[in-house]
Amino acid sequence: MATLEVKNLSKKFGLTPVLRQVNLQVTEGEFIVLLGPSGCGKSTLLNMIAGLESVDEGEILIDDYVVNRVEPKDRNIAMVFQSYALYPAMTVRENVIFGLKQRKISKEEIETSLQHFAKMLQIDELLGRKPAQLSGGQRQRVAMGRALVREPHVFLFDEPLSNLDAKLRVEMRREIKKLHEKLGTTMIYVTHDQIEAMSLATRIAVMNEGIIQQIGSPQEIYDQPNSIFVADFVGSPSINLISGILTKSGDSFNFIPDKQQDGFKIPINGYPFKNEPQEGQEIVFGFRPEAISLPNESLKSQLRVELKPTLIELTGYEKDVTFDFHGHEVIGRLLRYSKAELGTAIPLSLDLSEISLFDKSSAKRL
Amino acid sequence: MSPADQLQMQSLERSASFKRSFYRFLLFFILGLFALYYIAPMYVMIVTSLKSMEEIRQGNLMTLPREILFDAWKIAWGGRGYDAGDVFLRPYFWNSMKMVIPAVVVSTFFGALNGYALTKWRFKGDNLVFLLFLFGCFIPYQAILLPMARTLGILGISNSIAGLVLVHSVYGLSFTTLFCRNYYVSISDEIVKAARIDGAGFFKIFFKVLLPISGPILVVTVIWQFTNIWNDFLFGSSFSFGEAAPIQVALNNMVLTSTSVKQYNVDMAAAFIAGFPTLVVYIIAGKYFIRGLTAGSVKG
Chain A
1 MATLEVKNLS KKFGLTPVLR QVNLQVTEGE FIVLLGPSGC GKSTLLNMIA GLESVDEGEI
61 LIDDYVVNRV EPKDRNIAMV FQSYALYPAM TVRENVIFGL KQRKISKEEI ETSLQHFAKM
121 LQIDELLGRK PAQLSGGQRQ RVAMGRALVR EPHVFLFDEP LSNLDAKLRV EMRREIKKLH
181 EKLGTTMIYV THDQIEAMSL ATRIAVMNEG IIQQIGSPQE IYDQPNSIFV ADFVGSPSIN
241 LISGILTKSG DSFNFIPDKQ QDGFKIPING YPFKNEPQEG QEIVFGFRPE AISLPNESLK
301 SQLRVELKPT LIELTGYEKD VTFDFHGHEV IGRLLRYSKA ELGTAIPLSL DLSEISLFDK
361 SSAKRL
Chain B
367 MSPADQLQMQ SLERSASFKR SFYRFLLFFI LGLFALYYIA PMYVMIVTSL KSMEEIRQGN
427 LMTLPREILF DAWKIAWGGR GYDAGDVFLR PYFWNSMKMV IPAVVVSTFF GALNGYALTK
487 WRFKGDNLVF LLFLFGCFIP YQAILLPMAR TLGILGISNS IAGLVLVHSV YGLSFTTLFC
547 RNYYVSISDE IVKAARIDGA GFFKIFFKVL LPISGPILVV TVIWQFTNIW NDFLFGSSFS
607 FGEAAPIQVA LNNMVLTSTS VKQYNVDMAA AFIAGFPTLV VYIIAGKYFI RGLTAGSVKG
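Read top to bottom, the protein sequences are chains A and B.
Residue 13 in this note's numbering sits at position 13 of the first sequence; the count goes up by one each step and never skips.
Position in the second sequence (from 1) plus 366 gives the number in this note's numbering.
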């Protein structure tokens with residue numbers, strides 16, 4: 001049974017289409033992350049699910065009921081906002097129970113519920129304070145508490161961690177994940193941060209220009225991006241993309257990068273093509289930075305290369321090294337003790353088992 | 367750094383610090399001059415109001431009174447006590463109060479409500495509506511005199527305090543809407559969204575969520591409206607006469623219609639009384655005025 005279903009949803013702001021025929025099915029207990037750059041329509045989609053934006057075309061179903069004309073408060077949802085959106089003039093207690101008070105629930109029930117969730121979120125000490133007297137992390141907790149006491153069927157999160165500093169963001173991210181595991185409630189989470197998406201989601205929906213480009217488990221999205229956009233958007237540092245031509249010799253294919261000299265080519269063996277590619281097709285060859293490593297015999301399918309580092313960035317556990325790859329700039333992720341010096345070519349392995357190939361004109365996965 | 371460089375550095379430092387103190391002096395000198403210039407009329411008013419007519423005729427405007435007399439103030443406020451035709455300010459002062467307080471409350475309240483509706487409940491054509499309000503700010507007083515007189519006549523409230531309350535409320539609405547709209551635009555829409563999900567309606571969100579954080583802008587609109595309405599002469603003199611007149615009209619009558627010798631001390635005291643309430647409002651709420659006008663986002 002789908003807790004939430006979005007059918008052919010479209011929306012325009014004036015003449016600008018923000019959502020085009022979006023379809024999404026969410027089953028009970030899933031954690032769906034809507035991921036995309038700003039302006040891709042992900043927040044609009046969330047607002048429409050919440051009932052804060054009207055629907056132009058299509059349907060939204062919550063628990064199999066079309067809620068297009070149902071008021072936000074009656075949709076069995078709760079939402080956490082980027083700016084926390086706490087009511088500044090009210091204390092934490094009043095903030096949390098404001099929604100319950102509108103629903104004419106008995107005082108005792110409100111109090112029990114408040115105490116329960118305040119303890120769970122460790123805000124029971126703060127109930128008498130005003131939002132202005134809280135730190136960012138505390139405000140975030142209060143905002144979550146306000147959502148939790150409603151005991152909704154679907155939680156909506158609109159970039160809830162974007163206003164926090166880096167350290168706190170990681171902490172709160174873990175808490176949201178724990179919360180999801182504890183409550184098992186369906187959650188829809190909007191973010192532009194792909195690490196947040198990767199770490200939280202059971203499924204990620206990557207959006208761009210009002211369309212869901214790909215939907216799948218974080219692993220799928222990362223390993224088998226279905227378009228250049230998804231490949232490029234997910235992962236940091238970004239995937240290496242090199243354009244060139246696919247050639248065929250006998251049964252095997254070779255990739256010849258643009259700008260190459262002296263006949264350099266990469267053999268493509270055992271790549272699961274969706275459709276048989278054509279000889280001479282223009283394609284984009286993609287591989288993740290971690291596909292480059294120091295020479296490693298254990299790799300099943302690999303290409304031995306010698307590359308010159310042009311930039312070295314230490315990130316702590318690893319170092320991101322930029323190489324000159326036959327006239328193309330590529331980034332490799334090496335362990336921090338790997339010896340690499342600017343300008344001195346080093347022998348490396350390029351793992352060919354997890355490459356992605358895209359058609360250049362359609363930007364789709366081959 | 368070589369010794370020569372150091373010497374040069376020191377001399378540069380000295381000249382910079384001289385320049386700084388010189389400009390500082392110049393700045394305060396000019397500011398002081400302007401302060402004196404602006405405060406002088408009030409000084410003249412106060413000293414003149416405390417003098418006897420005798421002394422005024424003999425002396426200089428700027429001299430302090432030989433003897434401080436409150437007679438002029440008493441006459442300006444409560445009359446001489448026996449002269450039937452005398453104009454004095456007390457009843458008109460209360461007229462003005464009865465006019466200003468409801469007009470300020472009504473125009474501020476509806477201005478806030480308008481601002482809230484225009485920013486947080488966007489509808490088709492909301493910008494056009496706002497534009498029309500903005501246009502209202504530029505309509506001169508004179509242009510609405512005749513239509514307003516007709517309207518008051520039809521409503522049966524011409525020459526009454528109620529009529530003046532209506533005129534000022536309606537005229538002030540453009541300004542209060544403008545102020546409040548600009549303030550609410552800076553408050554996060556997410557607060558309103560959260561309240562909608564929590565199940566609060568239009569008015570509940572306004573009263574429980576937004577109004578409690580509107581302090582700074584309400585101070586601005588109250589000061590603005592209070593000052594304008596209290597100081598208004600044109601509407602007061604056009605739409606009221608006799609006993610229903612506000613204080614500015616009475617002041618005019620008092621100063622211009624005296625039959626005998628000009629009582630400068632009484633006139634000055636009366637003018638001061640007429641201007642006093644706005645002064646009080648500024649002193650009490652003035653520091654919030656600038657703060658409210660420049661208020662940016664309110665962080666929750």
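Treat the hints with care, as some may be off.
Calculated cross-link-like contacts (lysine to aspartate or glutamate; reagent style EDC-like; alpha-carbon spacing at most 16 angstroms) [unchecked claim]: (1) A:Lys265 <-> A:Glu282; (2) B:Lys574 <-> A:Glu279; (3) B:Lys570 <-> A:Asp63; (4) A:Lys248 <-> A:Glu279.
Stretch-level coverage of chain B by chain A, calculated; a stretch enters the list once three of its residues show a Cβ under 8 angstroms from a Cβ in chain A [as the list claims (entries may be wrong)]: (5) 431 to 443; (6) 540 to 550.
Hints are computed from structural coordinates only; laboratory data are not their basis.
We put the CB at the ideal spot given by N, CA and C, even for glycine.
Given the hinted pair B:Lys574 and A:Glu279, is their Cα-Cα distance within 16 angstroms? violated, 69 angstroms
Verdict on chain A covering the stretch 540 to 550 of chain B, where coverage means 3 or more residues with a C-beta closer than 8 angstroms: violated (count 0)
Would you mind confirming whether the straight-line C-alpha gap from A:Lys265 to A:Glu282 stays at or under 16 angstroms? Roughly 14 angstroms between the alpha carbons, so the hint for A:Lys265 and A:Glu282 holds.
Regarding the pair A:Lys248 and A:Glu279, is the alpha-carbon distance no greater than 16 angstroms? Status holds; Cα separation ~6 angstroms.
Examine the stretch 431 to 443 of chain B: at least three residues should have C-beta closer than 8 angstroms to a C-beta of chain A. violated (count 0)
Is the hinted pair B:Lys570 and A:Asp63 satisfied, with a Cα-Cα distance of at most 16 angstroms? violated, 29 angstroms
Of the hints listed earlier, those the structure fails to meet are numbers 2, 3, 5 and 6, in rising order.
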